[in-house]
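Asker: Chains as they are written, first to last, in this note's numbering: chain A, 1 to 766; chain B, 1 to 766.
Some clues are possibly wrong.
To be verified - Derived Cβ-Cβ restraints for the label pairs, each shown as a range:
hint, chain 1, residue 1, chain 2, residue 2, range
1, B, Ser587, A, Gly658, 50 to 56 Å
2, B, Pro542, A, Gly397, 35 to 41 Å
3, B, Phe692, A, Arg32, 38 to 44 Å
4, B, Asp694, A, Pro542, 56 to 62 Å
5, B, Ala228, A, Glu127, 34 to 40 Å
Said to hold, decoys possible - Every beta carbon over 12 Å from chain B, so not counted as near; a handful from chain A, in silico:
hint, residue
6, Lys435
7, Asp634
8, Gly658
Hint data in this document are derived by calculation from the structure and do not stem from the laboratory. As the structure is a prediction and not an experimental result, all values here were calculated from the model. Ideal placement from N, C-alpha and C gives every residue a C-beta, glycine not left out.
Protein chains: 2
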Amino acid sequence: MKRTGKTMEKLSYVGKSMPRKDAEIKAVGSARYAADRDFAGMLYAAAVRSPRPHIRIDGISDAKARKVPGYAALVTYKDIKGVNKWPVVMQDYPFLPEKEARFAGETVALVVAASEKAARRAAALVELRYKELPFVEDPLEALEKGAPRVHGEDNVFSTYRIKNGSVDEAFRKAAYTVEGEFSTNYQVHAYLETQGAIAVPEPGGGMTVHSTTQCPFYVIDAVAAALAQPYHKIKILQTVTGGGFGGKEDVPALVASHAAICAAKVGRPVRLIYGRKEDFQSMSKRHPGWARVAYAADKSGRITACRVKYVLDGGAYSTLSPIVLWRGTVHAAGPYKVPNVDIRTYAAATNKVPCGAFRGFGQPQISFAQESLIDELAAKVGMDPLKFRLKNLLKPGDRTVTGQKLNSSCGLAEIAQAVRRRSGWDRKWKSPSVKGDVASGIGFSVAYYGVGLGAGGRYLDRAGAMVNIYKDSSVGVSVGNTEMGQGALTVLAQIAAETLNAPYAAVRVEEVDSSKVPDSGPTVASRTTLMSGNAIIDAATPLRERIFKTAYDLLLAEGADASLPMVAANGVFRMGAKSVEFKKVVSGCWSRRLKMCEQGWYTAPRTSFKNEDGQGDAYVIYSYSADAAEVDVDLRTGVLKVRKVWAAYDVGRIVNPGLAMGQAQGGILQGMSWAVYENLVYKNGIMVNPNFTDYVIATTADKPEYDITFIEKPYAEGPYKAKGMGEVPLIGVAPAVANAVRNACGARVRSVPLLPEKIWKEIRKG
Amino acid sequence: MKRTGKTMEKLSYVGKSMPRKDAEIKAVGSARYAADRDFAGMLYAAAVRSPRPHIRIDGISDAKARKVPGYAALVTYKDIKGVNKWPVVMQDYPFLPEKEARFAGETVALVVAASEKAARRAAALVELRYKELPFVEDPLEALEKGAPRVHGEDNVFSTYRIKNGSVDEAFRKAAYTVEGEFSTNYQVHAYLETQGAIAVPEPGGGMTVHSTTQCPFYVIDAVAAALAQPYHKIKILQTVTGGGFGGKEDVPALVASHAAICAAKVGRPVRLIYGRKEDFQSMSKRHPGWARVAYAADKSGRITACRVKYVLDGGAYSTLSPIVLWRGTVHAAGPYKVPNVDIRTYAAATNKVPCGAFRGFGQPQISFAQESLIDELAAKVGMDPLKFRLKNLLKPGDRTVTGQKLNSSCGLAEIAQAVRRRSGWDRKWKSPSVKGDVASGIGFSVAYYGVGLGAGGRYLDRAGAMVNIYKDSSVGVSVGNTEMGQGALTVLAQIAAETLNAPYAAVRVEEVDSSKVPDSGPTVASRTTLMSGNAIIDAATPLRERIFKTAYDLLLAEGADASLPMVAANGVFRMGAKSVEFKKVVSGCWSRRLKMCEQGWYTAPRTSFKNEDGQGDAYVIYSYSADAAEVDVDLRTGVLKVRKVWAAYDVGRIVNPGLAMGQAQGGILQGMSWAVYENLVYKNGIMVNPNFTDYVIATTADKPEYDITFIEKPYAEGPYKAKGMGEVPLIGVAPAVANAVRNACGARVRSVPLLPEKIWKEIRKG
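The following block holds chain A by itself, in its conformation from the complex (with noise of 0.2 Å):
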């Protein structure tokens, strides 16, 4: 790893690769996931689903399953004491369906038993009447007249348009233009753990839900909406939780809200833990994506138009559709100056799972199709694709498609330039080989992605943290965002010792307890380092100035020269050849009777943009990936084997350089897996392989070598700098890895995955 940038001032922890907090519980085995808490009286859930794509429910009996020994309740959506309505972005998902069930493998009831077991047989027991309705399975027969109705009058959850220039003119007037279609399928999130919740009453009516989540609040605004409950009632305490990237977003919400339904029915504490299929059922995917992209340039190879129809499948109900529609939708142009553009998206109801976030967030999909596109379009401009993105390249003062000027912090000329030099690119692009029946060669892409919620989720882009310094100079913080794996607890814990000048060891973050801090918004958008981050900032502020003056007086008090300057770092504070450490400096504070507890608050800059005419400020600050890969294609099977990555982004300070590496390792597997392997199938609205063994993921041996370049371009507003770093890893691989098919075999293959088959089909074409 190499890391290059402004140089920055020395700190203490941030920067470093301080060791993970939470290594110790995760490597011995003492992490308590949801599945591992245990309550005394605890009763166990399980979902009734729907056995086909669009139902009408005409009648649900438990007639069989009360016979289960354990049996304890059958729960309905007559159980549900508030507005039966998933409090999401649009209000059409009911925490159990009333009269229709609009995709298989939807929860339409849910028992309740002594044992997990028995709640399952029961749940297998309950009969379902019902009559069948018609359905519709691919998007594009959605949007079409006639279609069947899952939502709505035309089956288009939401839709956008960003139009700038005069598109037709410049399609007219360019030397030169690409047009393609693309498509990509379903990713799963395979997180380690399912979807899982704990639901324990309290007295008085409240209700303490233990989940692994990514966004506790999202949670209790639907646990207090099903109870029809006050806020101050609920509680959420996040779990452990076994990886996210987005599956534990927003459905955790329901799930939770299932557990908190069945709790109090029951009045005993009730979990509800998802079994590997139905985790594939019924819990949101990376939402298919289709794509018809067109660009056009002038003589010099100057991109002057872009023309964008994309839709995303966003399943039977609208759950996160709208904004991840709108995230993809602002950055379809890809990141390049382009005078022209007219895109046009759509997010179409169909009757399948439900798709919502997932890493990337509804750009992977269109950066897919764009990236592609790209390339062609230089082949046909005649250029070099790496050098021909140089010459279009969004640059600090250039605009966006949205009219947005870069002001600062953007490095993407410059990390493509790294990816270029390291890769060997220049050699390797224009003399692919072939060796035997193995063709070999390398792909180009760039990405960038905007930080936080932007104008999507502009009243959520705010964040709380309180940090609380014990009498023993530990130090307890709580934020609202959650570690899930990502490294949050440790990033998050080296700015507040950073900021405190504590000793790294001091320092605790909690996982998130909903009536510790204010609603922060989720845990997504690459959000949480900038957002929580600054709202430590923020909170630890003003304990820095009592601990800093409360060492300054010790200091002078033990005979220190006051004509020094006081020098803190890694807990210590300096006067000359004084000095006194944090634990000592905490006594003294606590001895004066200083306030040592803060609640902390950011909220992030305002954007302009507005969806009436698509412009103005979309996102506060963007990040940027350059990915080179280096691929195998067998000319024989069309099997694809992706043998390096080069990676380099610019994402800011980067705080935990071991998490950073952590994060673009992962992230370019996950790309990788999504564009070589996964391969989710529906048959007749029916998931035809929702398990492990018929599901290809990527693993560790399929991993490409990595070569990854860091080039730090601070961004003021930042936590000691830092932009966002969780996502943009994995947006650039697809294009990149379809790219290095193209040049090593010359197959363009236009839809993820890159299987074999499709690869060879081309090949055979070629």
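Given chain A, put chain B in place with the hints provided.
Answerer: Chain B alone, transformed into the frame defined by chain A:
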């Protein structure tokens, strides 16, 4: 009930008898006390106790105990990872004894088993090999040379002296002098719920402790010390607490530490709940007190001097004795202007149960002595004792015996006059009656009580509070002081609602979670309303500003006339005819992404008192009581019946009249019970009557008629001008009753309880 005082501003909730926040859960029985809390996999602990008052421990064997089915472990001092010293004031009390046990009932070891029954059976089978050592039972004997040693060289835990003026000279010159020896017995807290805790091990060495306690921050101190873990890994959750009265000040820390040491050893949750007998035997009590007091007065009936020697029986370990003694010392001369004082006080070590905090905290014992003697002095002077007091009482501008000038909020003379008037004192006192064998009389007393910890706990007199306004406008308030039945949750909710202009129903104050607010000191010394109330106001004030500004904006946006003032009351904001509700205003605040959660902090003003010379401001403010008790004495048997008590208090603003009345009535009844009935007996170092059959407390059948008046002298520094009132109603009851007995039948009993045989004996003497 009557309330008078300076007219104060009209408020929405403060000053009104708002319903108790915990009424429902307590009425329907859903409140979860410590013994109601179950955890999966929980084991049960029971204590092995010393059978004798002083032993050398030669061995502990669980050979027989191991045979009890479900037996899990023997836990001794060897299992303590931290330092084996319970951190209270001094550190003489080991968590578990290593070589010696110093009182009968002391926990020597613990056993852990699968059920409470098995744990108790196994504990009874643990074999303790020991040698009996000499012991001392009487505190005055303990202070003599050659007494068996319990503590240090001299069996003195602590000693104080307050000296001012020339006492010897004043006595020489006095027109009248009186002197007397007085003693008081133990008082058992007799809370409905015995001591108990559940310790739940957390991954990574942490521990969550559910504790019935007044002082969660004493518990965290002890548990962190016992486990040698940083505070940020320890969480103390106060359970609904069934009575405290001081008995849950220090000792829950020991019980919780025992549970935590057990839980750390077995790696599972451990519950330790005391039976009533062991609670009697081992838990703190009101100190038995002994005092020799002398007063001098001049010809005109002005008190000129006071000499006091005051000894408290501390029991086997110091625990809170130094602070209890300190409070008694400061108040020992009574609420009078006394120019010359010499007060010497001692806390003595004996081989009996360690005594600690009890409502009144070292004052009732000395108040009994000093107020009995004031009556005798008045008699010598030849004055009505009430009028004699009025002549000598502290008034605003006067100085206490420590030289503290009473600047404000001192309604002592007014409450004395109120009781005089309402009780018909002038007539009654002059003409005690005898009807048949029953003599009736009336007695009077006054008391003052320094609110908060004062100089005796000056580093602890600070408190935090968190106010968190959720999106739905419900308000969660966390504080560091506890509800133990006195109504803190309610009073603090009123203060929060008042400050925010939130509907009272929208506010919830939670039981304490030590990880949510910083160390707020103990819930003692009538300090909760003052300290936590002010901390809540501190947290709520910036929130109030945001809310009021948003309400103003919303009203203007709705067309309100800006020339009119905005009036906020009862959760509504009005400007002329336009109004907007709190809920809508909060929603507006969230839309603006305003910070809706704050930590507040309050530190009491510094107190200047120094132990070196016994001079300076001892407390920041005082509450005052005046009591008149009317009694019947059966002249044949000495049986005493307290018929009616008139009381008046100056405790500043009354936040909740209904709850204040509860505090007053409860304090009077508990004070009367101690004065008349409660008689714990030790014989040969063993407690003879550790149960409610043989230890008699007053019941509702014994309760006197009450006539209670509040005279609200506003305290500028208090929350909405309140002081504190938990303890002052108890203090003056015993001397008022003793003085009434004297008035009725001439018997001067100098020892509490005023048992029939003691009265009978004095009647016979007279």
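Asker: Quick one: which hint numbers does this structure break? Sort them smallest to largest.
Answerer: 1 and 5
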